[in-house]
Each structure stands twice: as C-alpha cells, then as structure tokens.
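Colleague: Protein chains in written order, with my numbering: chain C, 1 to 117; chain E, 1 to 112.
Think of the hints as simulated: they come from the structure by calculation, not from any bench.
Each hint should be verified, as a subset may be incorrect.
Said to hold, decoys possible - Dumping the calculated SDA-like pairs for lysine to any residue here, alpha-carbon to alpha-carbon at most 25 Å:
{"no.": "1", "chain 1": "C", "residue 1": "K57", "chain 2": "C", "residue 2": "S96"}
{"no.": "2", "chain 1": "E", "residue 1": "K42", "chain 2": "E", "residue 2": "G83"}
{"no.": "3", "chain 1": "E", "residue 1": "K99", "chain 2": "C", "residue 2": "S69"}
{"no.": "4", "chain 1": "E", "residue 1": "K1", "chain 2": "C", "residue 2": "S69"}
{"no.": "5", "chain 1": "C", "residue 1": "K57", "chain 2": "C", "residue 2": "T115"}
{"no.": "6", "chain 1": "E", "residue 1": "K42", "chain 2": "C", "residue 2": "S7"}
{"no.": "7", "chain 1": "E", "residue 1": "K42", "chain 2": "C", "residue 2": "D53"}
{"no.": "8", "chain 1": "C", "residue 1": "K11", "chain 2": "E", "residue 2": "S65"}
{"no.": "9", "chain 1": "E", "residue 1": "K42", "chain 2": "C", "residue 2": "I54"}
{"no.": "10", "chain 1": "E", "residue 1": "K109", "chain 2": "E", "residue 2": "P82"}
{"no.": "11", "chain 1": "E", "residue 1": "K42", "chain 2": "C", "residue 2": "T77"}
{"no.": "12", "chain 1": "C", "residue 1": "K11", "chain 2": "C", "residue 2": "P61"}
{"no.": "13", "chain 1": "C", "residue 1": "K57", "chain 2": "E", "residue 2": "S28"}
{"no.": "14", "chain 1": "C", "residue 1": "K57", "chain 2": "E", "residue 2": "T74"}
{"no.": "15", "chain 1": "E", "residue 1": "K42", "chain 2": "E", "residue 2": "P82"}
{"no.": "16", "chain 1": "E", "residue 1": "K42", "chain 2": "E", "residue 2": "A9"}
{"no.": "17", "chain 1": "E", "residue 1": "K1", "chain 2": "C", "residue 2": "Y64"}
{"no.": "18", "chain 1": "E", "residue 1": "K99", "chain 2": "C", "residue 2": "H29"}
{"no.": "19", "chain 1": "E", "residue 1": "K68", "chain 2": "E", "residue 2": "K109"}
{"no.": "20", "chain 1": "E", "residue 1": "K109", "chain 2": "C", "residue 2": "H24"}
{"no.": "21", "chain 1": "C", "residue 1": "K70", "chain 2": "C", "residue 2": "S104"}
{"no.": "22", "chain 1": "E", "residue 1": "K42", "chain 2": "E", "residue 2": "T104"}
{"no.": "23", "chain 1": "E", "residue 1": "K99", "chain 2": "C", "residue 2": "T13"}
{"no.": "24", "chain 1": "C", "residue 1": "K11", "chain 2": "C", "residue 2": "G42"}
{"no.": "25", "chain 1": "E", "residue 1": "K99", "chain 2": "C", "residue 2": "I12"}
{"no.": "26", "chain 1": "E", "residue 1": "K42", "chain 2": "E", "residue 2": "K1"}
{"no.": "27", "chain 1": "E", "residue 1": "K109", "chain 2": "C", "residue 2": "G40"}
{"no.": "28", "chain 1": "E", "residue 1": "K99", "chain 2": "C", "residue 2": "W27"}
{"no.": "29", "chain 1": "C", "residue 1": "K70", "chain 2": "C", "residue 2": "H24"}
{"no.": "30", "chain 1": "E", "residue 1": "K42", "chain 2": "C", "residue 2": "R83"}
{"no.": "31", "chain 1": "E", "residue 1": "K1", "chain 2": "C", "residue 2": "I54"}
{"no.": "32", "chain 1": "C", "residue 1": "K57", "chain 2": "C", "residue 2": "L78"}
{"no.": "33", "chain 1": "E", "residue 1": "K1", "chain 2": "E", "residue 2": "S52"}
{"no.": "34", "chain 1": "C", "residue 1": "K57", "chain 2": "C", "residue 2": "S69"}
{"no.": "35", "chain 1": "E", "residue 1": "K68", "chain 2": "E", "residue 2": "Q2"}
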Amino acid sequence: DAGITQSPRYKITETGRQVTLMCHQTWSHSYMFWYRQDLGHGLRLIYYSAAADITDKGEVPDGYVVSRSKTENFPLTLESATRSQTSVYFCASSESAGGFTYNSPLHFGNGTRLTVT
Amino acid sequence: KQEVTQIPAALSVPEGENLVLNCSFTDSAIYNLQWFRQDPGKGLTSLLLIQSSQREQTSGRLNASLDKSSGRSTLYIAASQPGDSATYLCAASPSGTYKYIFGTGTRLKVLA
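This is chain C alone, in the form it adopts within the complex (with noise of 0.2 Å):
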C-alpha cells in the first residue's frame, strides 16, 4: 500500500544502547521529518530533510542522527539511548514543505513508542 511506514511500532531497550527507527514512503515525496511527541511538549522537530542528502536540525537534535541516502527512506539513530529519549517518534513527509508556492499537507506515519530502561 502507498503511504509512510515505520518501523518497529515498539521498541524497549536499555540506556547507552544505539538504536535505529526506520521511515519508508512510497510517494517520492522529497520532504522528511522526524519529530517527537512527549506529555506537555506537543511535537518537537528533531531533523527534517529537503531532499535525499540534505539534512537539517529541528529543535531537539542532540542525541540523534539522520541519513537519507535514498529519498524514499530516512532513518533515525540513537548513538546512545538515554531515558529521556523515551518517547513515541513520529516520521512525516511533504510533496512540498511549507513555504513555496505549491503547498501540500504533512503525512505522519503511525509512530514508534520507545522505552529506555
């Protein structure tokens, strides 16, 4: 089916673990972003991309890194989890990102809730 998945849909695992979240859509959208949702924050941008090979910090990047070699993917690493990056993680993709003469809505995928212990 078309759309924007991620994998896994959970994921428990221990403090100074390196743990990769993936983001697969089928659009060619050339937008990408991965946010977080936590209790009383909303959704915060972590990283986002403009294309396969640009990649940009959001507002809470430290801890994470990202890469997009293809467009269609855009995985999410945690070089050393920590348990203030337990979370519920999700991806979203644009045709075109807010800001040019073509908008178009965000698609979020269904998440990833991730337990550090």
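Keeping the supplied structure of chain C fixed, place chain E upon it in accordance with the hints.
Modeller: Frame of chain C, contents of chain E only:
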C-alpha cells in the same frame, strides 16, 4: 521564535453541538497553517491546510479560518458526533522555513 498555543487542553460536549477549537501563534509571518486529528495510538491525519493568502478552508462539517493579523486560527466542527472524539492539533509553518511548529492539542470528547 514561533510559539503555538491551543486552548482549552480538553473539551467535552454533547452530541450534535457545534464547537470551535482555538489555535494562537505568536509570529504572524507564516506561510500556512494546518489542522490535524490524532486518534489514540495513531499518527496524525491532516484535516485542513490554509495558505497564508487564504482566510478559510472547508471540508464537510469542518471549517478552518485564519487571521494572521491577530495570530489566530479556529477549527469549527458542525453537528459534532461521537466519532469526532480525538485530539486536534494545529501547526504553523514559519515563513522561510520547511518546518511546522505544533501546538499541544485539544482533546475533544463528544458524548452520545
């Protein structure tokens, strides 16, 4: 720095009532504003997107308005139904950026 606020944080209404959800943003220099719906344990579904040059958008029972000068957007839901129960979030896209800044949402419960 753009900040987005949604009040109230939670709202309960009886079925059939018309209701308004509010979204405020601190910087009027935005390119567009988007409203989303989030069901428990799910991702966000886009409801309406209003470009900065527009004043409102409509989809079925939903109508979203945008007043950049006052830094406000409202989402109007007509004849609410129990199936409308969800969290509604707004997100503003600051001018010159790719980003969307989200509010913390309004959790709506429509009682049958």
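Colleague: Where does the structure disagree with the numbered hints, that is, which hint numbers, in rising order?
Modeller: Going through the list in order, the structure violates hints 4, 7, 8, 9, 14, 19, 20, 23, 25 and 26 and respects the others.
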